[in-house]
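**Q** Here the protein sequences line up with chains B and S, keeping their order. Just so it is clear: in the first sequence, position 945 is 945 by our numbering, and no numbers are missing. Just so it is clear: in the second sequence, position 18 is 18 by our numbering, and no numbers are missing.
Careful, some of the hints might be misleading.
[As the list claims (entries may be wrong)] Listed below are the simulated EDC-like cross-link pairs for lysine to aspartate or glutamate, each with C-alpha atoms no more than 20 angstroms apart in a straight line:
1. S:83 with B:740
2. B:449 with S:70
3. S:26 with B:250
4. B:607 with S:22
5. B:166 with S:72
6. S:83 with B:885
7. B:889 with S:36
8. S:47 with B:250
9. S:32 with B:749
10. S:29 with B:885
11. B:884 with S:77
12. S:26 with B:438
13. S:26 with B:740
14. B:449 with S:72
15. B:433 with S:36
16. S:47 with B:705
17. S:52 with B:740
18. B:433 with S:40
19. S:26 with B:749
20. S:52 with B:225
21. S:32 with B:250
22. B:884 with S:33
23. S:52 with B:250
24. S:29 with B:250
25. B:889 with S:33
26. B:882 with S:77
27. S:47 with B:706
28. S:26 with B:164
29. B:889 with S:77
No lab work stands behind these hints, which were simulated from the structure alone.
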Amino acid sequence: MTQAFRIENEGLINRDKKLSFKFNGKTYFGYEGDTLASALLANGVHLVGRSFKYHRPRGFFGAGVDEPYAVVQLYRNGETEPNIKATEQELFEGLEAKSVNCWPSVNFDIGAINNFLKIFLPAGFYYKTFMWPKSFWYRIYEPFIRKAAGLGVASTKHDKERYEHKYEYCDLLIAGSGPSGLAGAYAAAKNGAKVILAEDKPRFGGSLLTSDVNIGNQSGKDWAEGIIAELKTMPNVVVKNRSQIFGYYDHNMLVMSEKVSDHLPSTKKYHPNKRLWYIRAKEVLISSGSIERPIVFGNNDTPGVMLSSAAKEYLKVYGVLVGRKPLVFTNNDSGYETAIEFKKHGVDPVVLDSRKNPESEIIDEAKNLGINIKNSYVVVAAQGYKKVKSADIASISEDKKQLGKIENIKCDCICVSGFWTPTIHLASQSGNKTKFKEEIDAFVPGQSKQNEITLGAANGVFSLEETLKTSFTAGSKLSKNITENNNEIAIPNVVEKKSSQHDKFWCVPLPKGKNYKRFLDFQNDVAVSDVEIALREGYRSIEHVKRYTTLGMATDQGKTSNLNGLQLVSEIENKIVPAVGHTTFRPPYTPISIGAIVGREVGKNSKPTRKSPMHSWHEKNNAIFVDAGVWLRPRYYKRGNENLFEGSKREAKNVRTNVGVCDVTTLGKIDIKGPDAAELLNRVYTNAWLKLPVGKARYGVMLREDGIVMDDGTTTRISENHYHMTTTTAQAANVLSHLEYYLQIVWPELNVNVVSTTEQWAGAAIAGPKSRDLLQKLFPNSDVSNEGLPFMGYMEGDLFGVKARIFRISFSGELAYEVNVESDYGNFMWEKIMEVGKEFNIQPYGTEALSTLRIEMGHVAGSELDGRTIPYDNALEGLVSKKKDFIGKRSLQRSAFTAEDRQRVVGVVPLDKKTSIPEGSHLVKDDKAALPNPKLGHISASCWSVEYDNPFSLAILKDGKNMIGQKLFAMSPLKNKVIPVEIVSSHYVDPKGERVRS
Amino acid sequence: MLYINCPHCGMRSQNEFSYGGDASVKRPKLNKEVSDQEWDNFVYNRKSLRGKHLELWQHISGCRQWIKVERDTATHEIFRTFKADEEVA
Numbered sequence: 001m002t003q004a005f006r007i008e009n010e011g012l013i014n015r016d017k018k019l020s021f022k023f024n025g026k027t028y029f030g031y032e033g034d035t036l037a038s039a040l041l042a043n044g045v046h047l048v049g050r051s052f053k054y055h056r057p058r059g060f061f062g063a064g065v066d067e068p069y070a071v072v073q074l075y076r077n078g079e080t081e082p083n084i085k086a087t088e089q090e091l092f093e094g095l096e097a098k099s100v101n102c103w104p105s106v107n108f109d110i111g112a113i114n115n116f117l118k119i120f121l122p123a124g125f126y127y128k129t130f131m132w133p134k135s136f137w138y139r140i141y142e143p144f145i146r147k148a149a150g151l152g153v154a155s156t157k158h159d160k161e162r163y164e165h166k167y168e169y170c171d172l173l174i175a176g177s178g179p180s181g182l183a184g185a186y187a188a189a190k191n192g193a194k195v196i197l198a199e200d201k202p203r204f205g206g207s208l209l210t211s212d213v214n215i216g217n218q219s220g221k222d223w224a225e226g227i228i229a230e231l232k233t234m235p236n237v238v239v240k241n242r243s244q245i246f247g248y249y250d251h252n253m254l255v256m257s258e259k260v261s262d263h264l265p266s267t268k269k270y271h272p273n274k275r276l277w278y279i280r281a282k283e284v285l286i287s288s289g290s291i292e293r294p295i296v297f298g299n300n301d302t303p304g305v306m307l308s309s310a311a312k313e314y315l316k317v318y319g320v321l322v323g324r325k326p327l328v329f330t331n332n333d334s335g336y337e338t339a340i341e342f343k344k345h346g347v348d349p350v351v352l353d354s355r356k357n358p359e360s361e362i363i364d365e366a367k368n369l370g371i372n373i374k375n376s377y378v379v380v381a382a383q384g385y386k387k388v389k390s391a392d393i394a395s396i397s398e399d400k401k402q403l404g405k406i407e408n409i410k411c412d413c414i415c416v417s418g419f420w421t422p423t424i425h426l427a428s429q430s431g432n433k434t435k436f437k438e439e440i441d442a443f444v445p446g447q448s449k450q451n452e453i454t455l456g457a458a459n460g461v462f463s464l465e466e467t468l469k470t471s472f473t474a475g476s477k478l479s480k481n482i483t484e485n486n487n488e489i490a491i492p493n494v495v496e497k498k499s500s501q502h503d504k505f506w507c508v509p510l511p512k513g514k515n516y517k518r519f520l521d522f523q524n525d526v527a528v529s530d531v532e533i534a535l536r537e538g539y540r541s542i543e544h545v546k547r548y549t550t551l552g553m554a555t556d557q558g559k560t561s562n563l564n565g566l567q568l569v570s571e572i573e574n575k576i577v578p579a580v581g582h583t584t585f586r587p588p589y590t591p592i593s594i595g596a597i598v599g600r601e602v603g604k605n606s607k608p609t610r611k612s613p614m615h616s617w618h619e620k621n622n623a624i625f626v627d628a629g630v631w632l633r634p635r636y637y638k639r640g641n642e643n644l645f646e647g648s649k650r651e652a653k654n655v656r657t658n659v660g661v662c663d664v665t666t667l668g669k670i671d672i673k674g675p676d677a678a679e680l681l682n683r684v685y686t687n688a689w690l691k692l693p694v695g696k697a698r699y700g701v702m703l704r705e706d707g708i709v710m711d712d713g714t715t716t717r718i719s720e721n722h723y724h725m726t727t728t729t730a731q732a733a734n735v736l737s738h739l740e741y742y743l744q745i746v747w748p749e750l751n752v753n754v755v756s757t758t759e760q761w762a763g764a765a766i767a768g769p770k771s772r773d774l775l776q777k778l779f780p781n782s783d784v785s786n787e788g789l790p791f792m793g794y795m796e797g798d799l800f801g802v803k804a805r806i807f808r809i810s811f812s813g814e815l816a817y818e819v820n821v822e823s824d825y826g827n828f829m830w831e832k833i834m835e836v837g838k839e840f841n842i843q844p845y846g847t848e849a850l851s852t853l854r855i856e857m858g859h860v861a862g863s864e865l866d867g868r869t870i871p872y873d874n875a876l877e878g879l880v881s882k883k884k885d886f887i888g889k890r891s892l893q894r895s896a897f898t899a900e901d902r903q904r905v906v907g908v909v910p911l912d913k914k915t916s917i918p919e920g921s922h923l924v925k926d927d928k929a930a931l932p933n934p935k936l937g938h939i940s941a942s943c944w945s946v947e948y949d950n951p952f953s954l955a956i957l958k959d960g961k962n963m964i965g966q967k968l969f970a971m972s973p974l975k976n977k978v979i980p981v982e983i984v985s986s987h988y989v990d991p992k993g994e995r996v997r998s
Numbered sequence: 001m002l003y004i005n006c007p008h009c010g011m012r013s014q015n016e017f018s019y020g021g022d023a024s025v026k027r028p029k030l031n032k033e034v035s036d037q038e039w040d041n042f043v044y045n046r047k048s049l050r051g052k053h054l055e056l057w058q059h060i061s062g063c064r065q066w067i068k069v070e071r072d073t074a075t076h077e078i079f080r081t082f083k084a085d086e087e088v089a
């Protein structure tokens with residue numbers, strides 16, 4: 001394929017490097033430095049997609065981030081990505097892209113029938129049509145709309161690319177590397193400030209790359225190159241291209257997405273695809289420039305109609321002609337600049353200027369070049385379906401209301417310029433209240449809200465000389481305040497052509513008898529008539545008009561359409577534009593890849609994984625792991641073909657008959673030291689703590705101030721002023737914070753220190769009737785008899801040379817101990833326990849057996865202490881002191897908490913003694929009652945009792961105290977189960993607790 | 001993301017902190033008789049002010065100290081920060 005629209009001796013592409021790429025299955029060639037858009041245009045391809053609603057043919061409208069049309073599906077290195085702007089995607093060898101929103105092909109799209117039905121699809125069509133019948137929404141309307149809507153398809157495969165996050169701090173962050181950004185960055189850098197200069201495009205320089213200006217006796221482009229080259233050598237400056245600052249957040253934090261690899265055929269090894277920068281800047285210089293806005297006329301969405309600045313950029317940067325018979329339609333001097341560039345490259349443009357007698361240096365130059373200029377002329381409508389073939393043009397009266405006789409002239413593209421809209425998104429996101437600037441018919445930033453300043457075109461200043469002057473000055477001043485350096489910078493001479501006042505004209509009236517669609521928003525097919533309907537139907541707020549018509553929505557967020565929409569509303573409503581106001585600018589400025597936002601926190605990295613020191617032993621011994629918060633705990637140790645039920649039953653049974661060992665390292669551990677430690681515990685726990693002797697442990701329950709149980713656990717007095725607290729695995733962090741809060745804020749007079757020691761100690765619970773025999777063999781020099789180490793006793797021991805803490809505490813209801821050693825000896829301890837325990841038939845047990853053992857004993861745990869229960873509900877009221885005060889005590893007097901029929905934990909057994917009751921089942925009196933069937937309680941935990949060999953559950957039941965012996969139904973609509981049950985005591989096994997004391 | 005001056009560590013980003021509510025709430029003294037209304041005010045009732053607000057934050061991924069932060073709840077402007085035991089004038 002030849003690149004028929006590529007011209008010689010122009011552009012910044014690398015003609016030595018030819019690249020091949022595929023678009024809609026067809027192979028083309030372009031050059032290194034092209035975008036997909038410029039390469040397609042070089043090949044004369046203008047038809048790239050179909051519009052959202054009417055499926056009208058779509059071409060290229062812009063040359064950058066503002067592009068509303070040319071959104072494609074990209075294929076790169078085996079991956080696919082939707083919503084890629086062809087105007088931003090750089091070309092690489094082997095690139096593949098496809099049109100979206102068309103079926104079966106972009107050339108023949110069945111959906112285009114909507115174009116002929118468009119009278120039936122005006123604004124609000126969906127809202128009005130798909131309202132009833134209600135039941136149709138899920139089954140018919142939504143699937144239909146989903147199929148019809150959308151710009152591309154997201155991949156459902158795992159994304160192999162890597163994305164990084166980076167945090168950075170700087171003195172001055174500069175958004176945009178046009179003349180203003182370069183001047184500001186240079187001045188600040190010279191003062192020694194730490195500067196970050198960000199440019200979203202691959203090339204630095206902004207408008208200097210395409211404008212015919214002179215700075216310091218160089219062309220604007222050469223001057224920009226010189227400044228960038230010097231900035232890159234400075235150690236205090238970071239210069240980033242392909243980097244879009246898309247959000248301005250609180251306290252001067254901005255977020256930037258750097259496309260590290262998108263311009264390459266594949267991501268380099270160890271490189272990320274994108275890098276998201278969180279930048280905290282002392283000062284921000286917003287030099288984001290401006291975007292040309294269109295003039296609205298009939299069929300202005302036809303491929304070949306584009307912004308005049310885009311046509312100029314394709315020519316100057318990429319050496320591409322967007323047409324050979326261009327028509328330039330303008331209301332200001334910018335159109336002439338594009339016409340002059342065409343003329344210089346041997347193409348004869350026709351300029352239609354809506355103004356009557358404009359005069360300026362630029363216009364003089366155009367005249368001198370012999371360009372055909374028609375004043376007081378407008379394009380009434382573009383003609384052609386898949387590409388502009390001609391234009392209907394007419395003269396226009398001075399009041400812009402009357403069109404003259406319509407003529408048709410041949411052309412192959414229409415370059416439109418309706419003047420410039422400052423890009424004020426970042427300033428507005430920072431909280432800056434924008435103001436309307438009459439001279440340019442657009443909003444500019446008002447009073448700065450955070451430490452931000454907006455300069456150059458973004459601030460509505462279109463003179464290069466003034467832009468450079470204000471930006472150099474601002475860069476110097478802002479950096480001087482930070483670094484206290486004051487290096488004078490000579491502001492270079494500027495040669496630019498003066499331009500004349502633009503014409504406020506923005507929309508061509510419809511000729512009599514014609515009903516052309518005049519589009520305001522090109523991505524969403526919002527025409528002038530749609531906004532008229534919305535206003536007729538009573539929508540007044542611009543935010544409502546936006547949502548009803550979809551004007552300014554979707555991926556381009558109305559970068560080229562918003563202001564014209566406001567003009568229209570202001571005309572119809574007979575209000576000035578600032579009174580209409582604009583819709584809110586929200587981040588992101590442009591779509592950002594979800595991968596970049598997520599960063600590396602995917603899959604197993606989405607949360608930390610904590611492992612006990614014995615983890616590798618568990619792994620080697622066929623442990624099946626389960627997530628317990630961020631910890632990995634063995635759920636059971638699989639033997640042969642055992643499933644979870646069989647394995648956990650075996651393990652639990654072995655604890656009841658022999659001895660088992662369980663890894664309890666994950667329990668939270670807090671070291672508490674200080675003379676007031678006992679007093680702190682006495683205030684934190686519901687029971688009394690002042691008289692706990694050294695060498696003894698006690699079980700305690702702590703409440704929140706609202707009386708709800710927060711956590712439970714044992715605390716041991718190691719020495720006079722030293723305690724060892726354990727918490728549940730899940731609440732460890734919250735309990736520590738809770739203690740710190742009371743010590744630092746509420747009772748600072750208490751002399752106590754608390755610190756987490758969860759990771760410092762490895763823990764093993766040894767439980768079962770043979771546990772004492774085992775313990776004696778592990779600690780032959782210690783007296784671990786019932787007298788030497790009674791229930792709730794504590795001692796230190798010597799485990800084959802390793803210092804150990806031995807607690808006689810039990811969660812299983814059996815005679816049991818917990819042994820702690822320093823974490824590094826955890827594996828040693830475990831192996832010794834297994835080795836010595838062999839003769840007692842020891843087996844390790846996991847969390848499933850652990851649950852079984854505690855449930856059948858009626859010990860409450862996380863599923864009962866669920867943030868909704870008080871001590872009474874958990875049958876723990878015996879631990880609530882009547883004498884002393886403690887956190888949350890006063891709340892226990894609330895009437896709901898003292899009600900006679902207050903909920904309480906009970907045991908539940910199925911009548912058939914066979915059917916396991918699903919956790920979460922509701923307990924009801926009558927399984928046939930009309931819905932909603934009154935719920936009396938819920939099943940909090942279920943197990944298979946190894947003691948009685950039948951299912952057993954715990955439940956929190958209303959009036960549980962008086963319900964023992966009652967017959968109810970456990971209903972689980974999710975599992976479709978109704979199980980007749982009997983309510984029994986929660987202490988199903990060993991109700992008197994004799995075993996733990998044996 | 002807010003930028004908070006921890007009086008112990010200096011300027012740190014919000015993601016190192018956790019929010020702890022209204023700092024002007026005073027817990028009734030232990031063992032003191034309090035009315036239902038007083039207790040409800042302490043446990044539940046908050047003003048949810050728009051504007052300047054003294055609140056507690058904990059530097060949970062830093063020095064673990066609870067601090068007081070004077071912040072505008074509408075604009076997020078932070079005026080001053082204090083150590084837990086510092087008097088707020």
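**Q** Would you pick out the hints that fail for this structure and give their numbers low to high?
**A** Going through the list in order, the structure violates hints 3, 4, 5, 6, 8, 11, 12, 15, 17, 18, 20, 21, 24, 26, 28 and 29 and respects the others.
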